[in-house]
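Q: Just so you know, the protein sequences line up as chains A and B, in that order. Take 1 as the starting number for the first sequence in the working numbering and just add one per residue. Take 1 as the starting number for the second sequence in the working numbering and just add one per residue.
I should point out that these hints are in silico values taken from the structure, not numbers from a laboratory. Note that the structure is a prediction, hence the values are computed from the model and not measured. Each hint should be verified, as a subset may be incorrect.
[Claimed, not checked] Which stretches of chain B does chain A cover? Using the computed rule of at least three CB atoms under 8 Å from a CB of chain A, they are: (1) 6 to 16; (2) 30 to 37; (3) 40 to 51; (4) 63 to 73; (5) 103 to 109.
[Unchecked claim] The calculated lysine to aspartate or glutamate pairs, modelled on EDC-like cross-linking and capped at a C-alpha distance of 20 Å, are: (6) B:K127 x A:D84; (7) A:K102 x B:D71; (8) B:K63 x A:E211; (9) A:K131 x A:E94; (10) A:K180 x A:D84; (11) A:K131 x B:D57; (12) B:K4 x A:E211; (13) B:K157 x A:E138; (14) A:K131 x B:D198; (15) B:K157 x B:D91; (16) B:K63 x A:E94; (17) A:K173 x B:D10; (18) A:K173 x B:D57; (19) A:K180 x B:D10; (20) A:K131 x B:D100; (21) A:K180 x B:D57; (22) B:K63 x A:E90; (23) A:K180 x B:D91; (24) A:K102 x B:D77.
[As the list claims (entries may be wrong)] Label pairs and their calculated CB-CB ranges: (25) A:P198 x B:S108: 41 to 51 Å; (26) B:G104 x A:E211: 24 to 34 Å; (27) A:R58 x B:D92: 19 to 29 Å; (28) A:L87 x B:D92: 36 to 46 Å.
Even glycine gets a Cβ: it sits at the ideal position worked out from N, Cα and C.
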Amino acid sequence: MFTTTVLSSDYQASPVAKGMEMRDSSQEDVDGTSGLTTGISQDVVPWVDDLLAVRDARDEAAFIRVFGHFGPRVKAFLMRTGMDAALAEECAQEVLVTVWNKAHLYDATRASPSTWIFTIARNKKIDVLRKQRRPEPEDLPWGPEAEPDQADVIGLQQESEQLGRALRDLPEKQRELIEKAYFGELSHSEIADQTGLPLGTIKSRIRLALERLRHSMK
Amino acid sequence: MTVKHHLTDDLLMAYSAGDLPEAVNLIVATHISLCDECRAALGSYDAVGGAVLDTCDTVAMSKNSLQSVLDMIHAQDGKVEKKPASTKVQDDVLPAPLVDYIGGGLESVRWRSAGMGVKQAILPTSKEATARLLYIPAGTAIPDHGHHGLELTLVLKGAFQDEGGYFGRGDIEVASEDLNHTPVADISEDCICLAVTDAPLKFKGLVPRIAQPFLGI
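Extracted from the complex, chain A is given alone in its bound form (with noise of 0.2 Å):
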């Protein structure tokens, strides 16, 4: 639906203004066509532009982009998890070719980019380092009525933002934990509590959309 208006970053407001005053006064989309036109993301979590032109119009110097920013994050996450820099170059970049690949499966009103691109490296390293399958949860598929709400968008994308802001934060040990969990470094009966970080809102606001999805499939 947001095809062709996605590269139209234009518009002059302040895309983070124009979010919460949505999100304030619960204005409805009223003709349902503006959709994501207004460049709403890079202020607030940079890169969902970018992942939703490379989903919509198969934008490749969006994919550059992409590919700059996360490409060497990938590669570092893979070694940190244990594999040599040889072996997280190419599977490093074997994450971007899924990137580009799966790209319509992108939900930007359950995941930040980093978020879903965080997914398909843990993904792959399960893949190379232990040699098995990842059993997934069964698909929620998109109903006819599911093109996600503008102010959803923001909101998961900027709740994200926080969640990091959060990470950031935290002292440094309880940080380091965390880090430790997600590169692989703890068993899970070593995680510890994960008190500090606010999954609360964010897990609502998942949660909302997986409401919204769910009733507009019966």
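Could you slot chain B onto chain A? The hints should help.
A: Relative to chain A, chain B alone:
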């Protein structure tokens, strides 16, 4: 359907991090297929993973990296077809992750008798932990047992009751080392569960100990 018994935070986080044995991943994925609450919680743990990815160091990609990636997507783009909507088996009892592991619906499960009317089928996963489907006739008790490690039991059909409460479809019991329990299938219908253990169960009493080699649990 309202799920009342959920996954624990450490399991959700470890599933998100990709640190669990395959059998445990299977039961987590199956529960999440039935439980929006835990699906949303998983989404938030994945978001922590995203934040970790964002804040971790960077390691420069090699010189030709971008070009090889672009070559790969160009080479594929002509061929990649968007898959049509899944034509997989839909099963009223078994969510998609289990259908994958069984290779079909409930009628494809190869049950083996475990005595007392109880049947089981062990699913093919890595050896660190074991996943099995259990078929428990209505009103039947599984012998009182404790275990060395973790035991997870997810109800797929019917219900059971034990010291931990009443568990219906979608509910998961996370039993730690110190819980001795005697699950009894609800009298109203036969119960089908997915059970995952990461260490052999230890039964009390002679008869169950004899049965143990048969059950393999």
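Q: Just pull the numbers of the violated hints for me, sorted ascending.
A: 5, 6, 8, 11, 23, 27
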